[in-house]
Each structure stands twice: as C-alpha cells, then as structure tokens.
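**Student:** Sequence:
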Amino acid sequence: MPNALSLLFGSGAGGLGAPVPLDLANLVLPGSPNTCLAAPEGAPGPKPHRILAPFPVGQGRLWAAVQTVAAARPRTTLIAAWPERLQAQWVERSALMNYPDIIVAQLLPQGDAATGLALYSRSLLGHSDFGVNARRVEAWIAALTSQLS
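Per our numbering, the very first residue in the sequence shown carries number 1048; after that it's consecutive.
Misleading hints may appear alongside valid ones.
Claimed, not checked - Quick list of the computed label-pair ranges, beta carbon to beta carbon:
1) Asn1145 x Gly1089: 33 to 39 Å
2) Gln1157 x Arg1122: 19 to 25 Å
3) Phe1177 x Gly1064: 36 to 42 Å
4) Ala1189 x Ser1079: 33 to 39 Å
5) Gly1107 x Ala1189: 18 to 24 Å
6) Pro1121 x Gly1158: 17 to 23 Å
7) Ser1141 x Pro1103: 30 to 36 Å
8) Leu1143 x Glu1088: 17 to 23 Å
9) Ser1079 x Ser1196: 33 to 39 Å
10) Pro1080 x Ala1186: 14 to 20 Å
Derived from the structure by calculation, the hints contain no laboratory data.
The model shown is predicted, which means the values in this text are computed figures rather than measured ones.
Cβ atoms here follow ideal geometry from the backbone N, Cα and C, with glycine treated the same way.
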C-alpha cells in the first residue's frame, strides 16, 4: 500500500499501488463507514449496503454503459480493466483535498436478457467519508439507469 503522501500528491492513478482485481466472493467489508457496496440480491460476497436489481440488458450493453458513466465523472481515471472477469476499477479524487477513492464495477451475468452489477466504492484514506461513497454509488446507478432507459 502506498503511503498517504503519495496518495495525496498523485493525480489520476498516480501514487496508487498496482491494481489487483477485487475478489467479490471473498470481500470483507471494513467496520469503518467509508465504503458502499451495491449488488443484486444473492450476489457472491458480503451483504450489500444497497440491493441493486439486475439491468434488463445484455452484458455488452451494460459494460459499455458503465464505461461511459465512468468517463463522464469528474476527476475519475480508469486504473485497470479485466474484461475476462467483467470487472474494471477507477480512482476518483476529491475536488478539494485530492483524496483518492476506488470504484469497482463487476458485471454479474443473469442470462441473455439481464445483467447484474456489483458496484463498490471505498475510501483509501480516513475513517469516515461523510456519505461520499454512498452518494457516488447512487449517482452511478442513476446515470446508468438513465442511459439504459
């Protein structure tokens, strides 16, 4: 894990360690209130903070929509994508203090006509985020819903 100074003074993915895919099935949510996980009911891994119904589109369309939503977010940089895992990660930095938060999106295929999405946003610094990660997850979901309707 990089030190706090390199995280604060980096830009985009600068100062972050090498990205590794998130193992959703074995994810352990921290006790701190600075994360938010949205996922379909019954998805592998911990109980999400928010249940997210599958999107009524195929995985190709949802994957493209996730990429578009992420690209439109301010101060957000793609740090890694693992298409074979249907997963990508971004860093979004706060406007004032440059704090980096990591956002992970993973598609969860539900057949040809629907695709689930696990969306996990977490702070790298601090104990509390004052609801930033939950608001971010809600904003991504709203943007995806709008784009796919």
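**Student:** Determine for every hint whether it applies to the structure shown.
**Tutor:** Outcome of the hint check:
1. Asn1145 x Gly1089: 33 to 39 Å: 37 Å, holds
2. Gln1157 x Arg1122: 19 to 25 Å: 32 Å, violated
3. Phe1177 x Gly1064: 36 to 42 Å: 25 Å, violated
4. Ala1189 x Ser1079: 33 to 39 Å: Roughly 25 Å apart at Cβ, these two residues miss the hinted range, so it is violated.
5. Gly1107 x Ala1189: 18 to 24 Å: 22 Å, holds
6. Pro1121 x Gly1158: 17 to 23 Å: Violated: the Cβ-Cβ distance is about 35 Å, outside 17 to 23 Å.
7. Ser1141 x Pro1103: 30 to 36 Å: 34 Å, holds
8. Leu1143 x Glu1088: 17 to 23 Å: 36 Å, violated
9. Ser1079 x Ser1196: 33 to 39 Å: 35 Å, holds
10. Pro1080 x Ala1186: 14 to 20 Å: 18 Å, holds
Hint violations for this structure: numbers 2, 3, 4, 6 and 8, all remaining hints satisfied.
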